[in-house]
Each structure stands twice: as C-alpha cells, then as structure tokens.
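Protein chains: 2
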Amino acid sequence: MKRLCPIFVLATLLIAQPLSNSLCLAVQNNDQPRTVEKNQKMEYAIAIHGGAGSSPAQFSQEANAMRRASMRAALKIGSEILKSGGTALDAVEKVCLLMEDDPQFNSGVGAVFNSDGSHELDASIMDGSNQACGAVAGVSRVKNPIQLARLVMTDTRHVLLAGQGAEKFAAEKGVAMVEPSYFDTEATLKAWQRFRAKSGDSSSQTDVEKIKIFNEDTGSYMGTVGCVALDKNGNLAAATSTGGLTNKKFGRIGDSPIVGAGTFADNETCAISGTGIGEQYIRHAVAYDVSAQMKYKGVSLKEAIDNNLASRLNQGDGGLIGVDHDGNIYMAFNTQGMTRAAADSSGRFEVLWDEAVNYGESTKVEK
Amino acid sequence: MKRLCPIFVLATLLIAQPLSNSLCLAVQNNDQPRTVEKNQKMEYAIAIHGGAGSSPAQFSQEANAMRRASMRAALKIGSEILKSGGTALDAVEKVCLLMEDDPQFNSGVGAVFNSDGSHELDASIMDGSNQACGAVAGVSRVKNPIQLARLVMTDTRHVLLAGQGAEKFAAEKGVAMVEPSYFDTEATLKAWQRFRAKSGDSSSQTDVEKIKIFNEDTGSYMGTVGCVALDKNGNLAAATSTGGLTNKKFGRIGDSPIVGAGTFADNETCAISGTGIGEQYIRHAVAYDVSAQMKYKGVSLKEAIDNNLASRLNQGDGGLIGVDHDGNIYMAFNTQGMTRAAADSSGRFEVLWDEAVNYGESTKVEK
Numbered sequence: 342m343k344r345l346c347p348i349f350v351l352a353t354l355l356i357a358q359p360l361s362n363s364l365c366l367a368v369q370n371n372d373q374p375r376t377v378e379k380n381q382k383m384e385y386a387i388a389i390h391g392g393a394g395s396s397p398a399q400f401s402q403e404a405n406a407m408r409r410a411s412m413r414a415a416l417k418i419g420s421e422i423l424k425s426g427g428t429a430l431d432a433v434e435k436v437c438l439l440m441e442d443d444p445q446f447n448s449g450v451g452a453v454f455n456s457d458g459s460h461e462l463d464a465s466i467m468d469g470s471n472q473a474c475g476a477v478a479g480v481s482r483v484k485n486p487i488q489l490a491r492l493v494m495t496d497t498r499h500v501l502l503a504g505q506g507a508e509k510f511a512a513e514k515g516v517a518m519v520e521p522s523y524f525d526t527e528a529t530l531k532a533w534q535r536f537r538a539k540s541g542d543s544s545s546q547t548d549v550e551k552i553k554i555f556n557e558d559t560g561s562y563m564g565t566v567g568c569v570a571l572d573k574n575g576n577l578a579a580a581t582s583t584g585g586l587t588n589k590k591f592g593r594i595g596d597s598p599i600v601g602a603g604t605f606a607d608n609e610t611c612a613i614s615g616t617g618i619g620e621q622y623i624r625h626a627v628a629y630d631v632s633a634q635m636k637y638k639g640v641s642l643k644e645a646i647d648n649n650l651a652s653r654l655n656q657g658d659g660g661l662i663g664v665d666h667d668g669n670i671y672m673a674f675n676t677q678g679m680t681r682a683a684a685d686s687s688g689r690f691e692v693l694w695d696e697a698v699n700y701g702e703s704t705k706v707e708k
Numbered sequence: 342m343k344r345l346c347p348i349f350v351l352a353t354l355l356i357a358q359p360l361s362n363s364l365c366l367a368v369q370n371n372d373q374p375r376t377v378e379k380n381q382k383m384e385y386a387i388a389i390h391g392g393a394g395s396s397p398a399q400f401s402q403e404a405n406a407m408r409r410a411s412m413r414a415a416l417k418i419g420s421e422i423l424k425s426g427g428t429a430l431d432a433v434e435k436v437c438l439l440m441e442d443d444p445q446f447n448s449g450v451g452a453v454f455n456s457d458g459s460h461e462l463d464a465s466i467m468d469g470s471n472q473a474c475g476a477v478a479g480v481s482r483v484k485n486p487i488q489l490a491r492l493v494m495t496d497t498r499h500v501l502l503a504g505q506g507a508e509k510f511a512a513e514k515g516v517a518m519v520e521p522s523y524f525d526t527e528a529t530l531k532a533w534q535r536f537r538a539k540s541g542d543s544s545s546q547t548d549v550e551k552i553k554i555f556n557e558d559t560g561s562y563m564g565t566v567g568c569v570a571l572d573k574n575g576n577l578a579a580a581t582s583t584g585g586l587t588n589k590k591f592g593r594i595g596d597s598p599i600v601g602a603g604t605f606a607d608n609e610t611c612a613i614s615g616t617g618i619g620e621q622y623i624r625h626a627v628a629y630d631v632s633a634q635m636k637y638k639g640v641s642l643k644e645a646i647d648n649n650l651a652s653r654l655n656q657g658d659g660g661l662i663g664v665d666h667d668g669n670i671y672m673a674f675n676t677q678g679m680t681r682a683a684a685d686s687s688g689r690f691e692v693l694w695d696e697a698v699n700y701g702e703s704t705k706v707e708k
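Each protein sequence line maps, in turn, to chains A and B.
Plus 341 on top of the position in the first sequence (first one is 1) and you've got the working numbering.
Plus 341 on top of the position in the second sequence (first one is 1) and you've got the working numbering.
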C-alpha cells in the first residue's frame, strides 16, 4: 500500500469536512461578531423579491412594466449602497423601505386586507455578523414596519414586538405613524372583495382549497418584499416586510416577522428571505433550514433552497431568495411566478419577472 | 488488499450515513403523516420542564417540596395518558394545561408581569407526525393558552394568532375566558416590584446586565412550562406555555409561541421544548436546530442539545428538554437550575430539581 487508494483519499476528505464543521461549532460562541474570510468571490451582492404567486401572464403589460421598473429602482438603491461601501444591513432596510412605500407590493402602502377589512403589517431584519435581529408583527399605523423592526433590534432587549405594544414603541421612537386607511389601495380592496365573494368569510377555514381559489384569481399575488445582501466587509443581512395573506384572520402572524421562518442571516452560511404561505415557512423553519443544510450537510445555497422548495414545502407555497458568504445569489420558487432582481460586483444587474418553466412538474426557476 | 482496511470500512460507513439522510430527504414530502419504525426502544416516554433560572437553594424547602409535588402530579397525568395508549399530543396538552392552572409556574395563573403591570401569555403545540402546529401570543384573558394553541392548529388555516385577534377566536370557540387580574399572584407581583426597584423601567434597555440583576434576585425564575412526549404509535409532540420575562415590554413575543424557536416536533428526529431568554432561542432557532443537527449531522439528541447549550446559546440563557423517536429523553440547561421530570415505559418516573454541577464551568446537568 505505497500508493494511497483514491477512494480512501476521497473518503478521508469527506470525513474531514464534517469534522472541521464540528470543530468550528465548538469555538463559535454566539453574539460575538463573526466575519468570513475576505477572499469572498464577489465584493458585494444583493437579491430582492417582490413576492411569489401569480405569473406575469395574469397581469396587464402595463402593470408588469411598472412592477419591473420598481424592482429596478429598488435594486439600484440597494446595489449603490453596497458599491459605495455601505453595510448589508443598510442596504436591505433601504430596499424594503422603498418597496413599502410602493403600492404595487404587499407591504406598507398596498398591504392586503385582513378578515376584518383592516391591515396588519409584519416585518423583520437580521444582521448575519452577530445574529442580532428585530421584528414587528400586526402593526396597523406604522408607515414603515421595516424601520421599526430595525429599532426593535437596536433599541430593545427583545426580538419581536406585536400589535399595540409595537405601536407604543414606534410612538416613543418618533417613527412616522399613519391612519390605517393610508395602506388601502383600490387593487387590494378589490382582491379582498373578490376573495370574500368566492369563499365567504373563510377566517375559520382549514381547507387549503380555499386558498387555491384565491391563488387562481388573476388579481392575486403574495407580494411580500424581501432583500438579502453581502457587503464589502463580508457581512450578510436579510429583511422581509409584508401585509400577509388576503383575508387572513385578525391577529394572524405569518412567517415574515419570524426569524428562522421568513428571514435569516448568518455570516457563516447565507442570508435568506422567503415569500409565500407563511404558515408553511414557520412549520418547517424554512429560512433557518437553508442555513442549517449548508452548515451541517455542507451543501450549496442552491441545493439547500431547492431541497426546501421541492421536498419540504408543497408546490405553490412560495419562493426564496438567498445570497451566500461568497456572494453567490440564488432565487427560486414553486409558484407560478416570483418577481425578483439581483446585482453583484461582477456587473450583474437584472430584474426577472417571468413564467415558471413547466409549472406543475419541475417548479423551480433558476437564475 | 484481500482484507478490508478497517479505516476504509469506517470511512465508508461515515459517508453512507449522510448519503442515506439525503435520500430520505428526497422522498419526504411534508404534510403527509409520517410514523417511525415500530422498533422504538421505549413504548412511550415523556419529559416535562417547569422552567430554568434560579437554583433550588434560592427557595425555601417548603416551596421546593411544593414544586416537586406539582411536577410529580403533571408527570403522572402525562405518563398515564401515554401508558393507556393516548396520543403524545393529548399528553403534552394536558400536562401544560395542569401546569397553567398551578400558580407556581410562569404560565396561566402565576404568569409574570410585563412592563405595563399586566400579563401577556404565549403558548404553542406541535404534532411531530405531520408538522401541524398552533400557537397564540400576547393573550391576556384566555385561561389556558395551550388549549387555544391547539384550536389554532386544528380549527384555522393559521399557525400563530396574537393579541385581540387570538382572544376573538377564543371567544368564538367558547374556551374559558378570565379577567387579566386572574393571573396575578403575590409572588409575581413582588418579583416585578423588585425588578423595577432595582433596574427602573427597563423596557427600552439593551443591556443584558439588567437581566442579570433579575437573575440574581432570589425570587427570580423563568418558570415557563413545557412537555415533550412519544406515544405508543411512534408519534412525537411538543408543547410550551409561558408568561414570558418579568417586566418584558408590552407587546413582546418570546420563543414559546414560535415554532422552531421554543417548540418543535418531527417524528423523524425529536420533540423539543425550551425555557429561558426567549430572544436567544428565536435568534438561533434553537428547537429546530436540535432536530436539524440530528437529521443533517446524524448526531444524537444529547449531542444536539449539548451543542446548543454550550456553543449556540450563552451561559445562563436557559434549558431544553427533548425526547427522540426511540424514546430517549435528554434534559439539560446552562442556568443555575431547571425543574424537570421524566417517565418512560421502562418504569422510569422521576422529578429533578437540583443545583447545576459546576455552574460557571461545565454548565450542563445530564439525567
């Protein structure tokens, strides 16, 4: 046995990798800032989603053009922050803030109606360098929930504030407050009315068929917004903001304000934002699972996201965007469509709003 | 090379195991009931915690005896349900319900006071056979939050309902409602007054030192309750119920109602309930991470819990109880103490309420 058996060498390498992961774990004491090696592939990278759900064929050409233009504007703002050396945290917050102010998306103005005919907004933000995070749920009078989520992160000892408590904190912090009717749009009102005409007050229903009725409605779209970014210092961040599901039960909290479900970031692995049927993302801890698969199984961001969309979530549940510590971007969904955009330091700058390929068979669209 | 090199054999086995995990993943389509093989080691197993925090040395002998008696009563009820062929889901709900009605624990009556001098209760429950789950957060008038959490799971399309929305649902379902003052006890009122006298209105503080002041207070105890169980059909379930942290900010939601943070169950791996500084459990998706480490790294329940307590959470953050699909029970903590109890079909039936061994160095106590 003078020459090393190639299979033996391969086997040893495969063993060594999980072992080195375990060793990393042993010294990883949380809450200490962690930065990745500076040999990251991209200097910076950013990905954005404007929600998963219907396909562009279900909207007018004009509506699709407007949505693309808004995605482009958000991508420009986010990528310029990163290009000029700004933090990933600032980039994801500013992108979500811009989209919250855009009535085309289901976050901030344009948020969907709940079963009581009002709005309850959810948002979260996470810093991958130290696992710091903040979130708000069920706010009805805070103009920009993502801004309040960041204040929960920086100015309280808590992670998640809900309802009136969150609004009391918002008032203390002097963030912009609005009347709940500020969030109304004609499109969301009509979508809510159509939903109720078709399925009645479905607030107590368990039948997922009722949700499908809504998904088949051409006006339907789970237009949650989210952003993930890697900055020049190797720090990752993620943020998500939403009005939730049309006709959701009053008081319902989805995945967007739940760290580990709809949002997650860890410099060691990736930053993730999800969009879709939030209950499924909570149940399967989807955003955290992508990171866990990368860390514990050693798979790529793409594989970890694909595993979740193909084997953990059901078809039609939603989509995910992610950026890993090297700056690799991956965006995929198992719905008919997902508005998304990506830019990085290689010069990539693109907005995607297309049909799923072979929806119903292979449901993922890679880009 | 007529004889197989022993290292090569070992290496092959180590590779084969993660590969078989990957294959399992590929066929695991969620929401389908999953049962484990019926050769589980124990016919049934159950573990309960009554919160982590102070050590028994900080309470009177009489108080400790009362707490032990309550844990024993809860363990008896839970284990008898399982012994007689009842479901894990029924066992964990009934145990939490009994403890919610016991003023010694920080759940139901006996829940701590928040910064507004009121109570906001959180609870969640999860069925490991199909990932169904339900949770409530920030309820102030529902006598038994765990009962309402189960109704969210069974009677809505949602996972998490909060505040007034959750209470409206409770009223629709006809569950027992109470005045908020029902939850008051002299002990929790005094603890809250001591906390405020020492640290002021700390609702906006970020400094964890303030929390330590509270932890050093002999009356302090994060007495969240939780239960995990394996039934004779091989199904796992987990439940957690709490009043949260003393003087928590109005509207704050901790980990107990967050599936993946404070509660998780999956027949493939384990059922988990946590207790401690909820923000840390959310940030690190602790309950789900235990399951993910078992599934993706192939480690035992004990290793996965120990990894979380030693390397992901900080010392003093809290504790975890778990039961795996074979009926192995593990309960550990990195605080000064944790009330806990365990029973299984081998005849084990014990309540533990002891000092941490070498608190400050090795912080885990195994039993």
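You may find that some hints are simply not true.
Repeated chains share a single entry, so a pair holds when one copy, or any two copies, can fit it.
Said to hold, decoys possible - Below, a list of computed lysine-lysine pairs in the DSS-like style, where the Cα atoms sit at most 30 Å apart:
#1 Lys531 to Lys424
#2 Lys643 to Lys531
#3 Lys514 to Lys539
#4 Lys509 to Lys484
#5 Lys435 to Lys509
#6 Lys417 to Lys514
None of these hints come from the bench; they were simulated from the model.
Hint check, failures only: 1 and 2
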